[in-house]
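Participant: Generate coordinates for the entire structure from the input sequences, incorporating the hints supplied.
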Amino acid sequence: MWSSLALLAVAVSPVLAGVQEVWWNLTYIQDANPDGLAPRRVIGVNGTWPPPPLDVNDTDILVVHTLNSLDKPATLHHHGMFFNSTSWMDGALAVSQCGIPPGDSFDYVIPVNTSGQLGTYWVHSHANGQYVDGLRAPFLVHPQQEKHHYDEEFTVVLGDWYHDEHADLLKQFISVANPGGAEPVPDSALIYFAQNATYLGPIAGTSPDPVTAAVGFNENATLSFEPGKTYRLRVVNTSAFAMFFFWIDGHEMRIIEVDGTDVEEYPIDLISVTVAQRYSILVTARNDTSANWAIHANMDTDMFDTVPDALNPNVTSSITYNSSAPLTDLGFVDEYFDVPDLDLVPLVVEPMVPATKTVELEVLFDTLDDGTNRAMFNMITYNSPLVPAVLSQVTLGENATIQEAYGPYSIVLDHLEVFDIVLKNGDAGKHPFHLHGHKMQLIGRAEDYTSDDPSLNPPIVEGQANPVRRDTVQVPSMNSVTMRVIADNPGVWFFHCHIEWHLEVGLAVQFVEAPIQAQERNGIPQVIYDQCQAQGIPTSGNAAGHVSATDLTGLPLGPFPQILGWRPKGIGAMTGCVLTATIGMLAVTWYALGGHISEAEMEHEARQQQEAKEKRGKFFGLLKQKA
Amino acid sequence: MGKNVFSVPIFFIVFRETLEAAIIVSVLLGLVEQIVRDDPGRLSPSPPPPPSPVEKPEGSGTGSGELNNQPELVHQEDNEVRAKRLIRKMRIQIFAGSFLGLFFALAIGAAFIAVWFTQASDLWSKSEELWEGIFELIASLIIFVMGVTMLRMDRAKVKWRVKLQRAFEGKQVDGRTKAGKWVLFILPFITVLREGMEAVIFVGGVSLGQPATAIPLATVIGIICGLICGFLIYAFASRTTLTVFMVAMTNFLLLIGAGLFSRSIGAFQENAFNNLLGADVDDAGAAGDGPGSYDVRGNVWHLNCCNPESKFDGQGWTIFNAIFGWTNNATIGTVLGYVFYWLAVVAVLIYMKFKEGRTKLFGRESAAGVRRRERAALDRGDSEASVGKE
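Sequences listed follow chains A and B, in order. Residue 220 in the numbering used here sits at position 206 of the first sequence; the count goes up by one each step and never skips. Residue 765 in the numbering used here sits at position 373 of the second sequence; the count goes up by one each step and never skips.
These aren't lab readings, by the way, just hints derived from the structure by calculation.
Pairs of lysine-lysine residues, derived as PhoX-like cross-links and limited to a Cα-Cα distance of at most 20 Å, are as follows:
#, chain 1, residue 1, chain 2, residue 2
1, A, 627, B, 551
2, A, 629, B, 551
3, B, 551, B, 747
4, B, 747, A, 627
5, A, 86, A, 185
6, A, 161, A, 243
Facilitator: This is the structure in structure tokens:
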């Protein structure tokens with residue numbers, strides 16, 4: 015099992031000095047009860063939950079030796095990492111690998127030393143919603159010298175929490191019984207802290223649940239502040255569904271990092287962190303220690319179809335100056351708002367370069383022809399291809415540049431092509447969109463993409479000197495966001511809504527980037543092929559596993575938008591109805607006419623009937639008439 | 393608006409019941425003149441021999457006895473006056489019975505509907521579709537029976553005449569009961585009451601799926617139309633006209649019935665779908681029309697318009713729905729329901745016509761058919777015989 019590890023050790027030996035290895039055994043853990051409301055089975059690592067935080071330096075290569083002890087294929091996705099020219103390490107199931115079969119292992123190599131990436135990321139399963147069941151942890155990359163100055167740092171992990179397992183909820187979600195597509199509403203929210211690759215324990219004196227006793231959650235968790243010091247808080251939203259509004263009573267915040275991009279200090283009262291987004295904020299401690307202060311993480315309930323009475327969407331934790339001082343909780347803020355992320359200015363200047371391609375993606379949700387509610391980009395709902403696109407890309411030869419070969423939800427890009435993604439959200443909800451393997455320059459937002467009014471739908475300003483770069487962008491309803499991306503990363507990269515429920519109903523496309531260069535740089539390890547074959551998944555050819563570029567026979571597609579109106583079935587049925595009604599009315603006429611009975615006959619019959627009736631007596635002869 | 397003010401099924405039901413009552417009353421009115429002016433013997437042209445005039449005085453104590461004194465009177469003038477007076481008296485009896493019956497029927501009906509809409513309304517607010525389905529099913533079945541039997545209404549006149557004659561004859565024969573005096577009152581009373589109750593139960597059943605405001609206008613217009621048609625039939629009593637009229641009415645009724653039956657299946661299916669969703673589909677899925685507003689399983693057609701239940705553009709479609717059972721969302725169940733309702737109508741009519749001896753089925757004859765043929769042969773034989781004698 016660990017033999018592959020030995021091979022890898024040889025493979026990476028030239029830079030062995032910086033290799034940081036961790037061994038992750040993915041396991042189920044019974045009866046975890048972090049919110050103290052309901053014990054449930056979770057997916058943890060090495061017998062513990064939450065999975066350990068990852069902390070590496072920017073000179074390191076991180077190797078995560080992953081053993082899948084679950085009963086389903088699993089993957090790990092290091093969210094935001096570039097994996098330049100090695101997209102098979104990206105961990106997106108059915109896009110970049112077939113998943114680690116149960117009992118098998120895979121070594122994820124994250125070459126932080128060459129990616130030039132710093133800051134706050136996270137790691138989570140990208141298979142079958144496993145991260146919703148708990149397989150998620152923060153992942154930090156520290157530079158030798160931070161650009162911003164602070165005394166100490168903490169990681170703040172936010173997450174929504176379900177008391178039922180993802181697979182069960184998914185069955186209810188994608189169902190004819192849920193035509194409106196109401197997403198499962200979380201049962202509670204979690205906030206917990208980490209520092210130096212360790213989670214902070216619970217406040218002394220609290221009695222946490224034994225399974226997760228090492229970690230403090232919500233009001234059992236606290237951050238210790240010392241007066242006058244400045245702290246960096248790295249806020250990560252690991253939710254499946256919920257966006258959080260985060261603020262600290264009695265303290266001001268300054269944003270200094272967004273999705274791994276260091277930015278100029280940006281003072282703000284509260285931050286909105288949607289699913290998979292990260293912000294680092296600087297918080298300067300107060301000088302008085304007479305009170306402790308509440309940390310607030312309120313779930314955005316706008317996206318919840320219902321807010322059950324039992325749900326407390328607003329969780330608090332605290333900042334402790336003095337364990338004997340009282341806690342000050344100022345309650346609600348006046349107004350929620352989204353972080354105006356276009357106003358943030360990266361410290362490393364990267365000007366916008368002209369784009370040569372525009373990819374417009376319009377989001378729509380609807381009840382499709384199988385009666386379930388699905389999500390669509392440009393009216394196409396995503397289905398996993400039979401062959402992971404990473405394998406199609408390197409096995410299709412010259413056909414690899416033909417977009418159709420990868421399935422209808424794929425976009426092929428040339429090497430180093432600069433392209434715009436215009437994400438138009440035609441849905442009533444807000445959605446966080448994530449592009450794998452890249453950071454996107456956010457170059458424009460429109461409040462209403464259907465509008466002709468330039469104040470609501472402004473044109474893109476070319477030549478912006480330094481637009482903000484991030485890997486996950488929030489798009490409110492009817493808004494559009496334009497993102498400029500350079501296709502400098504040969505491979506296949508998933509682009510999807512990071513709300514897990516929406517990914518599962520097909521709100522995704524795959525960018526097939528620089529196929530020819532990807533073939534040249536192909537270094538897909540044999541284990542990728544082996545693990546596909548072990549699951550009976552084809553490893554070459556187009557999306558459906560055929561050599562041809564265009565023959566997609568057998569490729570799972572649909573469901574499709576409903577076609578309403580008069581279709582042959584309906585016309586036939588209507589004709590049948592009209593026909594039988596006509597026959598029926600003719601029968602009525604036929605009955606009334608013909609076989610004429612004369613008055614005399616009628617009278618005769620009537621008399622006979624009356625006589626028979628009298629003979630029979632009343633009530634069908636039950637009461638015999640007196641003779 | 394259409395649905396809230398005028399309920400088409402209720403109109404037809406009330407119309408039909410009124411018409412039937414009107415026919416019966418008109419037969420009675422016609423009979424009165426016959427009884428008074430004509431030889432009682434003419435009342436019964438067929439075999440039962442007219443009771444001998446000798447017996448008549450025995451019934452002199454009864455109301456009908458009065459007229460039997462007639463032959464004994466000498467003066468024609470007196471006769472005429474007496475007859476007119478008698479006819480008026482009898483007519484008053486008939487109308488009194490009719491109106492009293494109508495009054496009772498309306499009173500009971502009003503109480504019935506009041507109870508429905510006040511006491512029981514919260515009962516079906518929870519599972520509206522289920523109740524709608526149940527009542528539509530009941531209504532469609534009653535309409536089925538009503539529609540099919542309505543075709544025999546051209547025989548109602550004869551039937552009632554026979555019935556009445558027997559009533560009178562009975563009095564004359566045994567003369568031991570005083571009921572005869574009231575027969576002209578009781579018969580219309582019971583008839584009107586019965587038809588009225590029928591209409592009320594029906595109106596109640598049908599109206600449950602509809603707002604209370606849709607009932608009064610439809611009822612009143614139904615009654616008026618029924619009375620007018622009843623009078624026309626009475627006045628110009630030609631059997632052909634009546635038959636044509638009956639055929640048209642029956643077809644209308646059955647169209648409504650088939651639509652109701654189909655709608656009841658639709659309502660049951662929607663109820664099942666709502667149960668599956670755990671909420672009304674308008675809340676859990678999409679309100680109105682289009683994807684999400686209906687169950688795709690077993691759907692045959694769905695139009696993104698023309699919804700008879702729509703509050704905004706349902707005007708014309710509501711009427712279309714009431715008369716033909718139109719829906720913008722048909723399922724296999726509703727389509728088959730519609731088709732089989734009509735097939736059942738056809739089957740029953742064929743069987744009835746066969747049973748009445750008016751048609752052969754696969755070369756076979758019913759008992760009534762055999763009887764009719766034999767009677768016809770007998771008549772022919774008699775006439776031939778008589779011809780032969782001459």
